[in-house]
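Position chain B against the provided structure of chain A, taking the given hints into account.
Here's the letter readout for the chains.
There are 2 protein chains.
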Amino acid sequence: MPRLVLYGNRESGYSYKVKLALTLLGLEHEYRPVDLTIARNHRPPEFREVSRYGEVPVLVTDGEALVQSNAILMHLARTTGQLRGECDPDRTVEWLFWEANRITFSISNLRFARYFTNDTSPDVIAWLESRARADLDRLDEEFRTKDAFLLGSTISVADIACCSYLFWPEQTGIDYSAWRNVRAWLDRIRAVPGWAPPYGLLG
Amino acid sequence: MPRLVLYGNRESGYSYKVKLALTLLGLEHEYRPVDLTIARNHRPPEFREVSRYGEVPVLVTDGEALVQSNAILMHLARTTGQLRGECDPDRTVEWLFWEANRITFSISNLRFARYFTNDTSPDVIAWLESRARADLDRLDEEFRTKDAFLLGSTISVADIACCSYLFWPEQTGIDYSAWRNVRAWLDRIRAVPGWAPPYGLLG
Numbered sequence: 602m603p604r605l606v607l608y609g610n611r612e613s614g615y616s617y618k619v620k621l622a623l624t625l626l627g628l629e630h631e632y633r634p635v636d637l638t639i640a641r642n643h644r645p646p647e648f649r650e651v652s653r654y655g656e657v658p659v660l661v662t663d664g665e666a667l668v669q670s671n672a673i674l675m676h677l678a679r680t681t682g683q684l685r686g687e688c689d690p691d692r693t694v695e696w697l698f699w700e701a702n703r704i705t706f707s708i709s710n711l712r713f714a715r716y717f718t719n720d721t722s723p724d725v726i727a728w729l730e731s732r733a734r735a736d737l738d739r740l741d742e743e744f745r746t747k748d749a750f751l752l753g754s755t756i757s758v759a760d761i762a763c764c765s766y767l768f769w770p771e772q773t774g775i776d777y778s779a780w781r782n783v784r785a786w787l788d789r790i791r792a793v794p795g796w797a798p799p800y801g802l803l804g
Numbered sequence: 602m603p604r605l606v607l608y609g610n611r612e613s614g615y616s617y618k619v620k621l622a623l624t625l626l627g628l629e630h631e632y633r634p635v636d637l638t639i640a641r642n643h644r645p646p647e648f649r650e651v652s653r654y655g656e657v658p659v660l661v662t663d664g665e666a667l668v669q670s671n672a673i674l675m676h677l678a679r680t681t682g683q684l685r686g687e688c689d690p691d692r693t694v695e696w697l698f699w700e701a702n703r704i705t706f707s708i709s710n711l712r713f714a715r716y717f718t719n720d721t722s723p724d725v726i727a728w729l730e731s732r733a734r735a736d737l738d739r740l741d742e743e744f745r746t747k748d749a750f751l752l753g754s755t756i757s758v759a760d761i762a763c764c765s766y767l768f769w770p771e772q773t774g775i776d777y778s779a780w781r782n783v784r785a786w787l788d789r790i791r792a793v794p795g796w797a798p799p800y801g802l803l804g
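Line by line, the protein sequences give chains A and B. With this note's numbering, the residue at position 99 of the first sequence is 700, and numbering never jumps. With this note's numbering, the residue at position 203 of the second sequence is 804, and numbering never jumps.
Please keep in mind that the hints were generated in silico from the structure rather than gathered at the bench. Among the hints, erroneous ones may be present.
It does not matter which identical chain is used: a pair holds within one copy or between any two.
To be verified - Straight line, CA to CA, 25 Å or less: simulated SDA-like cross-link-like pairs of lysine to any residue:
#1 Lys747 - Gln683
#2 Lys747 - Ser778
#3 Lys747 - Asp776
#4 Lys747 - Asn642
#5 Lys747 - Pro646
Looking at chain A on its own, in the form it has when it is part of the complex:
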């Protein structure tokens, strides 16, 4: 079993993705929180050495650093043979890129602007919210014809990626009641054995 070290932060949905995957896979690992309020070039040298883009999460596997949450998810799915869904692997990759370019971008930035800053222009917030709503529409549409997970009857890395920032609705300032299918899917994720919300897993 490789020795795993995860660097993350409790407010980072990107970190949550990886922590949730490791938890559902039952992979033992050491979790090291990184204080993101410290400027990048003042963070601990051990973190700066492994974080190729200066961001969390980083997963160190037997000394090899892996960065970018979705790249880590793909690596874990490939090396464990689990959380891969039941479709062509290309479908997984499509969802992961949709997520990176769409829903996580819009929702994470909207949450950041609303919850962690008080000087973001209302126009920027409105722009991010309109994108977030379009992305939630698209995700909701997906579950009009599916009553399980994105890639089959069990949870996969695509679900883990797409849900990551959706467990902070009050911080994001979005009421999900309009997206019934998304809400039902999030409930199915909550029911997966081992699931816990971000602050539950990241301390």
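Chain B in isolation, oriented as in the chain A frame:
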């Protein structure tokens, strides 16, 4: 040889990525332009059928539709064994996700706001520009210690993805002179046999 059909649009850097990869790989394909000024649900049924997220590009391989430009790039690199760089495959995936979540997001939206709209709030434009500048800083830093391509001495899908929106500086309203290493890298890409700019490849 599979029969390849690419749906794209000349203004889409996402389409350009795939068209450029197919060109450098010397893969024969039929290119079908999609008019993005037509509302999504009025676009030709043959396109709506294959475009899972309603977006360009779509690459149809022997009847199988592939969407999300970076998922298509990964598919092409895997199936041809080319454009894969000379590093651990995880490095490729990391760059592709950095690109999806970072530079292409910021630069493509900045270009769209500045060149294709006239009513985007100046605050939104300023927000996008500050992100674009941070992303260009990061990319420039990468080439402080590299004098070739992102993943070695030859062009890979990581370079193709990251450069896709950078050939429209005047439309984006960014003067690249501050990012010397990025400019030198773009010149190396221009020198790759078969390279052509977006409008040169997409008509």
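Please name the hints from earlier in the document that this structure breaks, with their numbers sorted from lowest to highest. none
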